[in-house]
Amino acid sequence: MTGTGLEAPASTTPAVLRRKGSLPRWAPLGILAATAVVMAGVAAATGSGVGLWAFLTAVVYAVATYTTSRVVEGARKAADRLVTVIVTGAFVLAMVPLVSVLWTVIAQGWERFDVTFFTNSMRGIVGEGGGALHAIQGTLIITGLAAAMSIPVGVLTAIYLVEYGSNSKLSRAITFFVDVMTGIPSIVAGLFAYALFTLLLGPGVRFGFVGAVALTVLMIPIVVRSTEEMLKIVPNELREAAFALGVPKWRTILKVVIPTTAGGIATGITLAIARVIGETAPLLVTVGLATGVNLNPFDSRMATLPVFSYYSYATPGVPRDPFLDRAWTAALVLMLIVMILNVVARLISRYFSPKTR
Amino acid sequence: MGKSVEAKDLNIYYGSFLAVEGVNMTIKPKTVTALIGPSGCGKSTFLRSINRMHENIPGARVEGRLELDGQDLYGANVDPVGVRRQIGMVFQRPNPFPTMSIYDNVIAGMKLNNKKASKSELDDTVERSLRGANLWNEVKDRLEKPGSGLSGGQQQRLCIARAIAVRPDVLLMDEPCSALDPISTLAIEDLINELKNDYTIVIVTHNMQQAARVSDFTGFFNIEGTGKPGKLVELDETKTIFSQPKQKATEDYVSGRFG
Numbered sequence: 001m002t003g004t005g006l007e008a009p010a011s012t013t014p015a016v017l018r019r020k021g022s023l024p025r026w027a028p029l030g031i032l033a034a035t036a037v038v039m040a041g042v043a044a045a046t047g048s049g050v051g052l053w054a055f056l057t058a059v060v061y062a063v064a065t066y067t068t069s070r071v072v073e074g075a076r077k078a079a080d081r082l083v084t085v086i087v088t089g090a091f092v093l094a095m096v097p098l099v100s101v102l103w104t105v106i107a108q109g110w111e112r113f114d115v116t117f118f119t120n121s122m123r124g125i126v127g128e129g130g131g132a133l134h135a136i137q138g139t140l141i142i143t144g145l146a147a148a149m150s151i152p153v154g155v156l157t158a159i160y161l162v163e164y165g166s167n168s169k170l171s172r173a174i175t176f177f178v179d180v181m182t183g184i185p186s187i188v189a190g191l192f193a194y195a196l197f198t199l200l201l202g203p204g205v206r207f208g209f210v211g212a213v214a215l216t217v218l219m220i221p222i223v224v225r226s227t228e229e230m231l232k233i234v235p236n237e238l239r240e241a242a243f244a245l246g247v248p249k250w251r252t253i254l255k256v257v258i259p260t261t262a263g264g265i266a267t268g269i270t271l272a273i274a275r276v277i278g279e280t281a282p283l284l285v286t287v288g289l290a291t292g293v294n295l296n297p298f299d300s301r302m303a304t305l306p307v308f309s310y311y312s313y314a315t316p317g318v319p320r321d322p323f324l325d326r327a328w329t330a331a332l333v334l335m336l337i338v339m340i341l342n343v344v345a346r347l348i349s350r351y352f353s354p355k356t357r
Numbered sequence: 001m002g003k004s005v006e007a008k009d010l011n012i013y014y015g016s017f018l019a020v021e022g023v024n025m026t027i028k029p030k031t032v033t034a035l036i037g038p039s040g041c042g043k044s045t046f047l048r049s050i051n052r053m054h055e056n057i058p059g060a061r062v063e064g065r066l067e068l069d070g071q072d073l074y075g076a077n078v079d080p081v082g083v084r085r086q087i088g089m090v091f092q093r094p095n096p097f098p099t100m101s102i103y104d105n106v107i108a109g110m111k112l113n114n115k116k117a118s119k120s121e122l123d124d125t126v127e128r129s130l131r132g133a134n135l136w137n138e139v140k141d142r143l144e145k146p147g148s149g150l151s152g153g154q155q156q157r158l159c160i161a162r163a164i165a166v167r168p169d170v171l172l173m174d175e176p177c178s179a180l181d182p183i184s185t186l187a188i189e190d191l192i193n194e195l196k197n198d199y200t201i202v203i204v205t206h207n208m209q210q211a212a213r214v215s216d217f218t219g220f221f222n223i224e225g226t227g228k229p230g231k232l233v234e235l236d237e238t239k240t241i242f243s244q245p246k247q248k249a250t251e252d253y254v255s256g257r258f259g
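Sequence order for the protein chains is A and B. Quick note on full-length UniProt numbering: the first sequence kicks off at 1 and runs consecutively. Quick note on full-length UniProt numbering: the second sequence kicks off at 1 and runs consecutively.
Hint data in this document are derived by calculation from the structure and do not stem from the laboratory. Think of the CB as a built atom: it goes at the ideal place given N, C-alpha and C, for glycine as much as any other residue. It cannot be assumed that every hint is accurate.
[As the list claims (entries may be wrong)] Residues on chain A that point at chain B, a partial pick, calculated with CB under 7 Å:
#, residue
1, Pro28
2, Gly30
3, Ala33
4, Ala34
5, Leu238
6, Pro259
7, Arg350
[What the hints assert, rightly or not] Quick list of simulated restraints, FRET-style, between CB atoms:
#, chain 1, residue 1, chain 2, residue 2, range
8, B, Ala76, A, Glu163, 23 to 29 Å
9, B, Pro38, A, Tyr160, 35 to 41 Å
10, B, Asp141, A, Ala90, 51 to 57 Å
11, A, Val344, B, Asn197, 52 to 58 Å
12, A, Thr182, B, Asn207, 38 to 44 Å
[Stated by the list, open to error] Here are the simulated BS3-like pairs of lysine-lysine, each with C-alpha atoms no more than 30 Å apart in a straight line:
#, chain 1, residue 1, chain 2, residue 2
13, B, Lys145, B, Lys30
14, A, Lys249, B, Lys3
15, B, Lys145, A, Lys255
16, B, Lys231, B, Lys246
17, B, Lys231, B, Lys196
18, B, Lys145, A, Lys232
19, A, Lys249, B, Lys246
20, B, Lys115, B, Lys196
21, A, Lys232, B, Lys115
22, A, Lys255, B, Lys115
23, B, Lys248, B, Lys228
24, B, Lys145, A, Lys249
25, A, Lys249, B, Lys248
26, B, Lys28, B, Lys8
27, B, Lys246, B, Lys30
28, B, Lys28, A, Lys255
29, B, Lys111, A, Lys255
30, B, Lys119, A, Lys255
31, B, Lys3, B, Lys145
32, B, Lys115, A, Lys249
33, B, Lys119, B, Lys145
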């Protein structure tokens, strides 16, 4: 830790064990700062922008770190440092869009993040004011219905696959089609639901339940996959322990297997809900948009947050600004709902997970 | 409690593979019978066929007769779940239910089967079983704590308590000490000695000293080669098996001159 680390190691250490010099702890940050400053100069001199500066800094930093470390610490440490730089760089790169989206949505959505937004609908609003109460309710109703339909189907399918399927032809076929379903574009799910209800009830029908069916098509495979993975990690020894006590198979599943992994299943379900709650395309096709509150999912159009946001932004009225503000706030509310769901998932998984103390 | 088990020409299969062939064995009530033999010779498979756990593996089946006090356990109208309620089992690795407290683990056999019982009955069962498993004094102050917080040896005794809580006639043990340290092993061996007053015990073990210490009778299983079925070579009183076995293979095995 102390000293430069560059002094010669004690000569009594045999060559195999001898450590080469090591860079001081501040070296990575120091090199980074130096590189950034130098590259800022280069960028200013050539008149290029921030993007090029960041890119140049990253590349030169990687090269500089590797070279310095190679000279001082040897090839193994140098490779270690180079890979650290690459991994960190990939992480930063992945975080940039995330932070950017979060920042933009909060900054733009904050304008209308007020009480009116949560208490008013758009009925009779042409310009300023108004809110997305109807859209929030619509999103919760439609997603709730979708969850109520897909959770039982998904969980029971997963139970069949893991506990009863035992790699039979049927279970392999189900696994295959669940995988296929995972890849269905959401608009296709929307068109499927729309077509189904057109066949049943005649052309042009649009109501909340159709959207819920479309979301169900998207949600079932996610629930099946996550539940399946969770059930698979329940040790077989627990099932055997229950069987050996003379517990029938269905009770073993209900009272031993599922409670053991309830946290994981609940997390998977919550994440599946979070995944479909932001779907726009299928709801655009199947549910449309309404300006007022409609709490009946079986009759007429309904507003939902994603569609509300999309329409406010794509076809604003005059004046434009209130519509754009509302679109951003709707996006912010949607993000908050997803965030709350994620927190709930974590709490559930902590509450249910088996304890050892 | 404590019934006899009798196998008559028992063949045990995994799919089309004959794993154990032609077992004829009588296990007397309230005795400890140890099953020894090299790995893969079918002793665990035989043990798991006694309480019909074997058939949980896809394709696994059994031919021949297996009787519990004369009652055929593989009869057409016999429910395997009912068989397992009379023949308890303790596994190689301790497997308490991680979601349940120590208390709930002991009464898991009743709780999971929705047996109605009063609080005092349950309390009695828990105390009786934990005392029976020599665990009561160690856990009586923390019955509501999770079972998975106990040490390995305690967990295994908890599993034994869970198995005897439903008052089975026979207790099967599949290498119950192989995952435990010598002190926990000793505790379990002492326990087996006490349990044989009430239960018929069949124990599979790789440890011949253990077989010699705890059992009244010892059965030696052997296998002629890979792919061949395992067979019961000899079953006799433990001291006979370890001093003057009738079969050459048994003598080679117990004296360590095997293979």
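Tested hints:
1. Below 7 Å, beta-carbon pairs count as interface contacts, and proline 28(A) has none with chain B, the closest being about 42 Å; its hint is therefore violated.
2. Among the interface hints, the one on glycine 30(A) is violated; its C-beta lies about 48 Å from the nearest C-beta in chain B, farther than the 7 Å criterion.
3. Contact between alanine 33(A) and chain B, as hinted, is not supported at the beta carbon level, the nearest pair being about 49 Å apart and thus beyond 7 Å.
4. With its C-beta approaching chain B no nearer than about 53 Å, alanine 34(A) sits outside the 7 Å limit, and its interface hint is violated.
5. Taking 7 Å as the C-beta contact cut-off toward chain B, the hint placing leucine 238(A) at the interface holds, the least distance being around 6 Å.
6. Here the hint on proline 259(A) is kept, as its CB sits about 5 Å from the closest CB of chain B, short of 7 Å.
7. At about 14 Å, the closest approach between the beta carbon of arginine 350(A) and any beta carbon in chain B exceeds 7 Å, and the interface hint on this residue is violated.
8. Distance hint check for alanine 76(B) and glutamate 163(A): the Cβ-Cβ separation is about 25 Å, which falls inside the suggested range of 23 to 29 Å.
9. Between proline 38(B) and tyrosine 160(A) the beta carbons are some 39 Å apart, a value that agrees with the proposed interval 35 to 41 Å.
10. Look at aspartate 141(B) against alanine 90(A): about 52 Å separates their beta carbons, and that is inside 51 to 57 Å.
11. Checking the proposed 52 to 58 Å range against valine 344(A) and asparagine 197(B) shows it holds: the Cβ atoms sit about 53 Å from each other.
12. At about 50 Å, the CB distance of threonine 182(A) to asparagine 207(B) disagrees with the hint of 38 to 44 Å.
13. For the given pair, lysine 145(B) sits about 34 Å from lysine 30(B) by alpha-carbon distance, which is inconsistent with the 30 Å threshold.
14. With a CA separation close to 26 Å, the supplied pair lysine 249(A) and lysine 3(B) stays within the 30 Å bound.
15. Under the criterion of a C-alpha separation no larger than 30 Å, the hint pairing lysine 145(B) with lysine 255(A) is consistent with the structure, at around 19 Å.
16. At most 30 Å may separate the alpha-carbon atoms for a hinted pair to count; lysine 231(B) and lysine 246(B) meet this at roughly 15 Å.
17. A threshold of 30 Å between alpha carbons decides the hint, and for lysine 231(B) with lysine 196(B) the separation of about 26 Å falls inside it, so the pair holds.
18. For the hint linking lysine 145(B) to lysine 232(A), the alpha-carbon distance of about 26 Å falls within 30 Å, and the restraint holds.
19. At roughly 44 Å between alpha-carbon atoms, lysine 249(A) and lysine 246(B) are farther apart than 30 Å, so this suggested pair is violated.
20. Taking the CA atoms of lysine 115(B) and lysine 196(B), the gap is about 27 Å. The hint holds against a cut of 30 Å.
21. Only pairs whose Cα atoms come within 30 Å are accepted, and lysine 232(A) paired with lysine 115(B) is accepted, the gap being roughly 29 Å.
22. Restraint check: the Cα-Cα separation between lysine 255(A) and lysine 115(B) comes to about 14 Å, which is no more than 30 Å; the hinted pair holds.
23. Only pairs whose Cα atoms come within 30 Å are accepted, and lysine 248(B) paired with lysine 228(B) is accepted, the gap being roughly 19 Å.
24. The hinted pair formed by lysine 145(B) and lysine 249(A) meets the criterion: a straight-line CA distance of about 27 Å does not exceed 30 Å.
25. Between lysine 249(A) and lysine 248(B), the direct Cα distance comes to roughly 44 Å. Violation of the 30 Å bound is thereby established for this hinted pair.
26. Using a Cα cut-off of 30 Å, the hinted pair lysine 28(B) and lysine 8(B) holds, with the two alpha carbons roughly 14 Å apart.
27. Between lysine 246(B) and lysine 30(B), the direct Cα distance comes to roughly 25 Å. Compliance with the 30 Å bound is thereby established for this hinted pair.
28. The straight-line distance between the Cα atoms of lysine 28(B) and lysine 255(A) is roughly 36 Å, outside the 30 Å bound, and the hint therefore fails.
29. Between the alpha carbons of lysine 111(B) and lysine 255(A) the distance comes to roughly 9 Å, so the proposed pair stays at or under 30 Å and holds.
30. This hinted pair checks out: lysine 119(B) and lysine 255(A) have alpha carbons roughly 20 Å apart, not beyond 30 Å.
31. In summary, the hint linking lysine 3(B) to lysine 145(B) is not supported, as the alpha carbons are separated by about 35 Å, beyond the 30 Å threshold.
32. Restraint check for lysine 115(B) and lysine 249(A): satisfied, since their Cα atoms lie roughly 16 Å apart, inside the 30 Å limit.
33. For a cut-off of 30 Å, the pair hint linking lysine 119(B) to lysine 145(B) stands: about 18 Å separates their Cα positions.
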